[in-house]
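J.: Listed below are the residues making up each chain.
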Amino acid sequence: MSTTNDIKLPLSPPQTRRVVVGYQDAEDLGAPDLPTEPLPLNMGPSHPAMHGTVRMVLEVEGEKISSADIQIGYLHRCFEKESESATWTQVFPYTDRLNYISPMLNNVGYALAVEKLLEIKVPERAQYIRVIVGEVSRITDHLTCLGASAMELGAFTVFLYALKAREWLFELLEETCGARLTSTYVRIGGLSYDLPPGFDEKLRSILERTKVVMSDIGKLLDRNRIFRDRMDGIGIITKEDALAYGITGPVGRSTGLAYDVRKDHPYLVYDRFDFDVPIGSVGDNFDRYAVRVEEMVQSMRILDQALKQIPAGPVMVSDPRIALPPKTEVYNSIEAMIAHFKIVMDGIHVPAGEAYSYTEAGNGELGFYLVSDGTGRPWKCRVRPPCFPATAVLTKVLPGLFIADVVPTFGMINMIGGECDR
Amino acid sequence: MAKIVLDRLAAQFAGGEILASGTEHGDEWARVRRDAWIAVATFLRDDPATKMEMFIDLTCVDRFGGGGPGAAGNDPPRFDVVLHLYSVSLKHRVRLYCGAPEDDAWVDTLVSVWAGADWYEREAYDLYGVRFKGHPDLRRILMYPEFVGHPLRKDYPKEKRQPLVRRQTGMPE
Amino acid sequence: MTGEFHTSKLDDVLNWARKFSLFQYPFVTACCGMEFMSVAAPKYDIARFGAEFPRFSPRQADLLIIVGTITERQGPALRRIYEQMCEPKWVVAFGVCASTGGFYQNYSTMPGADQVVPVDVYIPGCPPRPEQVLDGLILLQERIQRGEGHNQVSIRVEAAEKKARKQGREFEPPLVSIRALPPRSETKPGTENK
Chain A
141 MSTTNDIKLP
151 LSPPQTRRVV
161 VGYQDAEDLG
171 APDLPTEPLP
181 LNMGPSHPAM
191 HGTVRMVLEV
201 EGEKISSADI
211 QIGYLHRCFE
221 KESESATWTQ
231 VFPYTDRLNY
241 ISPMLNNVGY
251 ALAVEKLLEI
261 KVPERAQYIR
271 VIVGEVSRIT
281 DHLTCLGASA
291 MELGAFTVFL
301 YALKAREWLF
311 ELLEETCGAR
321 LTSTYVRIGG
331 LSYDLPPGFD
341 EKLRSILERT
351 KVVMSDIGKL
361 LDRNRIFRDR
371 MDGIGIITKE
381 DALAYGITGP
391 VGRSTGLAYD
401 VRKDHPYLVY
411 DRFDFDVPIG
421 SVGDNFDRYA
431 VRVEEMVQSM
441 RILDQALKQI
451 PAGPVMVSDP
461 RIALPPKTEV
471 YNSIEAMIAH
481 FKIVMDGIHV
491 PAGEAYSYTE
501 AGNGELGFYL
511 VSDGTGRPWK
521 CRVRPPCFPA
531 TAVLTKVLPG
541 LFIADVVPTF
551 GMINMIGGEC
561 DR
Chain B
9 MAKIVLDRLA
19 AQFAGGEILA
29 SGTEHGDEWA
39 RVRRDAWIAV
49 ATFLRDDPAT
59 KMEMFIDLTC
69 VDRFGGGGPG
79 AAGNDPPRFD
89 VVLHLYSVSL
99 KHRVRLYCGA
109 PEDDAWVDTL
119 VSVWAGADWY
129 EREAYDLYGV
139 RFKGHPDLRR
149 ILMYPEFVGH
159 PLRKDYPKEK
169 RQPLVRRQTG
179 MPE
Chain C
-9 MTGEFHTSKL
1 DDVLNWARKF
11 SLFQYPFVTA
21 CCGMEFMSVA
31 APKYDIARFG
41 AEFPRFSPRQ
51 ADLLIIVGTI
61 TERQGPALRR
71 IYEQMCEPKW
81 VVAFGVCAST
91 GGFYQNYSTM
101 PGADQVVPVD
111 VYIPGCPPRP
121 EQVLDGLILL
131 QERIQRGEGH
141 NQVSIRVEAA
151 EKKARKQGRE
161 FEPPLVSIRA
171 LPPRSETKPG
181 TENK
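Residue numbers (the numbering used here), protein chains in the order written: chain A, 141 to 562; chain B, 9 to 181; chain C, -9 to 184.
Chain A with its partners taken away, still in its complex shape (with noise of 0.2 Å):
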C-alpha cells in the first residue's frame, strides 16, 4: 500500500494556461452582427444546473447575457426567527442546515461565537476534535461542489468518483455523531461524544483513497480540453469586487486576496498547524476549482497533523452551568436532574452582550453575530452568510457571458440555498 507522499496530485501550474479573457465580438471575427432583440429568459427556480434552488432572470441578446437579476429566497426558512424561540442549545440544528454540504463547520462556528459570549474556553481535546471533523466537512464541501458543478459540465463520471469519495467520508461522520449529514455533533463547551474507538485508522485509510479518486479526478479534468475551455477566462472576478463585495474563501483566494480565517486570526488550534493556503491569480472558474483542489490537499494535511497531535482528555468543559450533568447522576440524585432540566427548558444563561465571530467555512468567512439579553434564548442570532456576496457578485460577472456559462460560473461559486437565503 502506498503511503500518502507517493501520490502526487497532477495540479498544473497556472503559467501554463492560455487564459482569453472575454469574447471576442462578432465584428472582430469577421462575420456580420445578426440583429437581435433583447430576450427576457428565466432560469430557475428550479432548474436543474442551479444547486438548490435560485432565479435568475436574464435579459439575452442572442446567446449574450445583457443584464442578470438574480432572486434568492426560495429557500428562505427563517434562521433568525426560529432560533429567537429555541434556547442556545437548540439552535444546533438550525445551523446544520445553513451550508448544509459541510454541517460541521457551520456548527463549530455557531459554538466558537455562544462561547465567545460566555468567554470560557473548551478542553484541548474538543478543539482538536473540532478542527478534525471541520477539516473532513470541508473536504466533502469541496467533493460535493466539484463533483455537481462537474456533472453540470458533462463530466458525469467525476460526479460519480467524488461522490463515492464522499460516502466513505459520512459513514465515518455517522459513525462519530450518528447521523451522514446534518450532525449536530458540537455543543456549547465542547462536544456531545468523543470520538469512536478506531477512528484514527478509519480517517487515515479514507483519505488515502480519497487522495487516489482526486488524483483520478485530476487526470479526467485538469487537461481535458472541453473543461479547460468552459472554465479558463470565464467569470472572472477581480480583486476589487472581492473586497467591495466582502467575497472570503476560496471564491475570494482565487482574486488574488490572501484573507483566510485560519491563518490570520488562528482560532481553535489552527496555529498548530503547518498548513499552505493556495491563493489564485487570475479569478476566473479554473481558479476557482484549482483553488479547491488544493484546498482539499491541505485539509488532509491539516488532518494528518491534528491525529497526530491530539491528546486525551475530557471533550466538554465541566461547568455545572453549561454541561449536562452525566446520565447516571441525573437518574439517581435530585440536584443533577434538577440541574439536567434547568439546562434544557430555560437554555444556558448567557449573559447579555453582544459577540461576532467568524471561522474559515467551506465558502469562505462564517460569521454568527450574536445578541443576547441575558435569558436562555437568543434575542438575535444572525448569521453571516460567506456565499451571500459571491451571489451579489454575479449580477456583475453574468453581463457579456453567454448563457452557457451561467452553468460553470454559478458552479463554481457554490452558492448553498440554506446558507444563501438562511
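Note that these hints are calculated values from the structure, not bench results.
One or more of the hints may lead you astray.
With a Cα cut of at most 20 Å, we get these calculated EDC-like pairs of lysine to aspartate or glutamate [as the list claims (entries may be wrong)]:
| hint | chain 1 | residue 1 | chain 2 | residue 2 |
| --- | --- | --- | --- | --- |
| 1 | A | 448 | A | 486 |
| 2 | B | 162 | A | 259 |
| 3 | B | 59 | A | 380 |
| 4 | A | 536 | A | 203 |
| 5 | B | 168 | A | 224 |
| 6 | B | 99 | A | 380 |
| 7 | C | 33 | A | 513 |
| 8 | C | 33 | A | 314 |
| 9 | B | 59 | B | 36 |
| 10 | A | 351 | A | 340 |
| 11 | C | -1 | C | 138 |
| 12 | B | 59 | A | 486 |
| 13 | A | 536 | B | 32 |
| 14 | A | 256 | B | 32 |
| 15 | A | 261 | A | 334 |
| 16 | C | 33 | A | 348 |
| 17 | B | 162 | A | 340 |
| 18 | A | 256 | B | 145 |
| 19 | B | 166 | A | 220 |
| 20 | B | 99 | A | 416 |
| 21 | C | 33 | A | 315 |
| 22 | B | 99 | A | 404 |
| 23 | B | 162 | A | 334 |
| 24 | B | 166 | A | 224 |
| 25 | B | 11 | B | 32 |
| 26 | C | 33 | A | 334 |
| 27 | A | 304 | C | 121 |
| 28 | B | 168 | A | 348 |
| 29 | A | 304 | C | 42 |
| 30 | B | 99 | A | 348 |
| 31 | A | 467 | A | 486 |
From the structure, some residues in chain A lie toward chain C, with a derived Cβ separation under 8 Å [said to hold, decoys possible]:
| hint | residue |
| --- | --- |
| 32 | 188 |
| 33 | 237 |
| 34 | 401 |
Just so you know, these numbers come straight off a predicted model, no measurement behind them.
From the three backbone atoms N, C-alpha and C, an ideal C-beta is built for every residue, glycine too.
For this one, chain A is given, so just place chains B and C on it according to the hints.
T.: Positioned in the frame of chain A, the structure of chains B and C alone reads:
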C-alpha cells in the same frame, strides 16, 4: 486589538458624530449619529491608519424597547443598523451602530462606499422595514413581493403565514 | 358503478411497466438533495429500481420527487410544474420538510408540499437515509402496481364521469378507498408484483 480604529475615529470626528464607543468581548464598537453614517464609513475605508477596505456584514437589530450598546437613556431608537468592517491589510475589525427610530426608520445607503452593501441593505429592508436612502433598487430579496409586513420585527408572529397558493382539499388551513 | 374502477389485466401490465421505468423530476431545494445525490450514487444506486433517469423537463417526467423544504415563495412554481407533467404522474415527498414542514414552523415554510400538490408517498427523515428512500420507492412501486396513485385514481374517476355523462346517467363520484397495505411480514420477496 483594534483600538487604533476608535482612536482615529475620535480624532477625526470631534463634533459629536461618534455618540459612544467601547470594547466588548474583544470587539471594538462605535455608535454613529445618523447624519454622519456615510462620512464615517468613507473615512474608515480611506484613512491609511484604518484602511477598512472589506465590507463584512450589514444587518439590523430590533431592540424593541431596550437599547443597544451606547444607546442608553429614555427612548432609545428601536432599530439599530449594525455594520461590520474589516481591514485585510491591517487585520482589524470594527462594528458600527446607527440607530433608527420606529416612526422614522431610515438610514443612508452605503452602496456608494462599498458596492456589496446593496444586497445586505435590501435584506435589512425586507426583514425589518428600515429604508436606505439613495439605494438604487430597494426591494424585497428574501420574501416575495406580495408579502405584507416585515417578518423579523419582534411584533411579527413567527407562524403567521401568507400563502400564495393552496390546494382545494376542504381541510381547515 | 364500481365496476368502472377496477383495474383490468391490461392495466396491471401497464402499471408493471410504469413502476419499473419511472422518469423522475427531482425538484431539489435543500439538504435532502445531498442524500438524493447519494441515492443516485454508486453505493445505493437508484438505477437498480429503474428510476435512474432524471428528466429535467416536467413534460417528460412522470415522477415528481419533491426534495427538501418548500417555501411559500416556491409554491406557485411547484404547482405549475405539477400541472405541466403528463398523466399518469406520481409525487413523492422526500424528507420531513416536504412531508410536513419538518421542524420549521414559520412564516415562510409551507407545512408540507401536500398543501399544493397531492402526494402519494411520504418519506420521513431529516435527511432520510438512502435505504429509507429506496424503501419509499418500493412502496410507491407497490402503489403504482395496484393503480392507487392519486392521479391514477382521478384519471379513472374522470373517465367514469365522462362515460356516465355520455350515457346520460347521473354521476356520483364514489368514495374511493385505498386498500390498506398487507403487513410487511406477510409479503414474501418476489411476490409483490401480483
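J.: Hint by hint, where does the structure go against what was stated? Just the numbers, ascending.
T.: Of the numbered hints, 1, 2, 7, 12, 13, 17, 18, 23, 26, 28, 30, 34 do not hold.
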